[in-house]
Amino acid sequence: MRPSVTQDRLDTAPDVNESRLILDSQQANRQAFACLIERYWDSLYRWLCQLTRDTHLAEDLTQETFMKAYANIHRFQHGTNFRAWLFRIAHNNLVNVYRHYPKAKREQLNDRQANTQGPLEETLHRESSELLAQAVSRLPTDFRSAFLLRVDQGLSFKQIGEILHITEQTARWRVFKARQKLLATLDPNLLSGEAEELDRS
Amino acid sequence: MNCQIVQQKLLELEDPSQPGKRLAEHLRSCPSCRTVLARLQALEAGVRMLPVAGQPAKAKAACIERFLSQPIVSPSPFFTSQPSKRSLSITLGRWRWAGALAASLLLVALVGWGLRTPRPKPELVQQTVPADPFLASVVERQIQLSRTTNPSERVEALTGLANDLSNQVQQLARVAPGEDLAMLARLYERVVRVGLVKQAVQVPMVQRQQLLKPVADELVRCATRLEELAAEVPVGAEEPLREIVLTAREGNRLIQQLLTEEHS
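Keeping their order, the protein sequence lines are chains A and B.
Going by the working numbering, the final residue of the first sequence carries number 501, and the count climbs one at a time with no gaps.
Going by the working numbering, the final residue of the second sequence carries number 815, and the count climbs one at a time with no gaps.
Mixed in with the good hints there might be a few duds.
To be verified - Label pairs and their computed distance ranges (CB to CB):
1) A/Asn329 x B/Ser580: 52 to 62 Å
2) B/Gln808 x A/Glu338: 20 to 30 Å
3) A/Glu338 x B/Gln758: 48 to 58 Å
4) A/Thr470 x B/Gly787: 25 to 35 Å
5) B/Glu563 x A/Thr380: 23 to 33 Å
No wet-lab data here; the hints were simulated from the structure.
Since the model is a prediction, treat every value here as computed from it, not as a measurement.
Backbone N, C-alpha and C fix where the C-beta goes; we use that ideal spot for every residue, glycine too.
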C-alpha cells in the first residue's frame, strides 16, 4: 500500500492544471482542493512518516496540514511552488507538535525501526532496504528532514531553506552532511550492485 | 582539483546526476571519484524506493471523503482518526482553527461594511452548521452580520460575537496554549474596537440609551470575570486575558462617552 514515489513525482509536477486547481480552491471550490490533496497526500505523508516514525501522528499531521492549507489558500502566491508552500505548513505543524511532545517519546520513536514489511521489499533487496531505512532514521532530524526534501521530494536547496526556515547555504550543508554520514555508515557493498550499474550507464 | 575536493563537491551537488563540466572532466579520468558518485546516486535511488509504514492510501481516501462531505469550517470531524493516539498539541490545535476561522469571518464582515458593495455570500454561509459549538456560534454570528442593514443591528450582532469570544476564552484559559488565547484576545480587540465601538458611534441618539447601556454593562461584566480568571490561569495565559480586560474596559469607556453625549 505504499505510494509509488516515481509516479507521485510525475503526478505532482507543477503544471497549468495545478494552477487552475489552486485558483479554483481560492474560490472555495472544495473539489479542486480535494484534487490537490489527492496529488500531494502521499509525498507529504511519506515525509512526515519518515520524520516522526509514527504513522498515526503522520496521518494526523498530514490532515492538519491540508486543513490549514485550505484555510490559508488565499495567501498562496501564484508563481511560487505549491509543494514547498505545503511542506512549509507541515514543517511548522511538526515543530509545534514537537514542542509539546515528550522528549523520551520522540527518542523512542526515533529508535524504532521503520516497518518495512511489504510485498515489493520482500522480493527486492529487503535486507538492503531495511539497512538503508535504519541508517536514514538514525540521521539527526535536521539532516534527515533536509535530505529527504531534496532526495525524496526533489526540492531545491532554496525551497528547502524556505520550508525549514534556514538559509539556502545551511540547507545545502545539511544535505551534504546527511549524504556524508550515510555513505560513511552504509556498508560499501550494500549499494555496490546498483552503483556498478549506474557507473556503467 | 584533487579527489578529496571533487568528492566533497559531489556531495554538495543539488542534483548528483548533473555534476557540471569541471567535475565531469575529472570524473572521466578518475575511477575512484566515479565510484563515489555512483554510490551516491545508488543511495538516493534507494532512499526514493524506501517503503513507508501505515496505509496512506486508505487514510487519504478517508480524509478526502470527510473533507468533501463535512462543512469546511468544522475541523472536529476531520480530526477523528485515532483520537487516543493524538498528541495534546494537535487537539489544542483546533482552537487555533477556531480563532483563525473567526478572524476570517470577521474580516469578511468588516470588509463588507467598508466597501458597501453587494457581494455573493461566502460559501461558509451556505454550509450546514458545524459540529463544534463555538464554530457554530461564530458562523451564526457571521450570517447575522451579513443580514444587518443598520448600525444598531450590527452593534447587537457584534456584542454577541464579543460575548462568544470572551466565553470561549474563559473555557480555554486553563488548557489552551498562550498563543491561542493571544489570538482570541486580538480578535476580541478587533471585534470591540474596530467593529462594536465604530458601529456604536453611528447608532442614532434616540436609540443609544436603550441599545448601548446593556452593551457597556456586558463589557464591564466581561472585564470583571476575566480579571478574576487571570489570577488563576497558567503562565502564558494571563497576558491575553489581561489584554481582553483592557479592551473591554476601553470599549466601555468609549460607549459611556457616547451615552454622555446623548445626555449633554
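Now for the hints, and whether the structure bears them out:
1. A/Asn329 x B/Ser580: 52 to 62 Å: The hinted range 52 to 62 Å holds for A/Asn329 and B/Ser580, with Cβ atoms some 57 Å apart.
2. B/Gln808 x A/Glu338: 20 to 30 Å: About 56 Å separates the Cβ atoms of B/Gln808 and A/Glu338, which means 20 to 30 Å is violated.
3. A/Glu338 x B/Gln758: 48 to 58 Å: For B/Gln758 against A/Glu338, whose Cβ atoms are near 54 Å apart, the range 48 to 58 Å holds.
4. A/Thr470 x B/Gly787: 25 to 35 Å: Because 30 Å falls inside the window, the suggested range holds.
5. B/Glu563 x A/Thr380: 23 to 33 Å: holds (25 Å)
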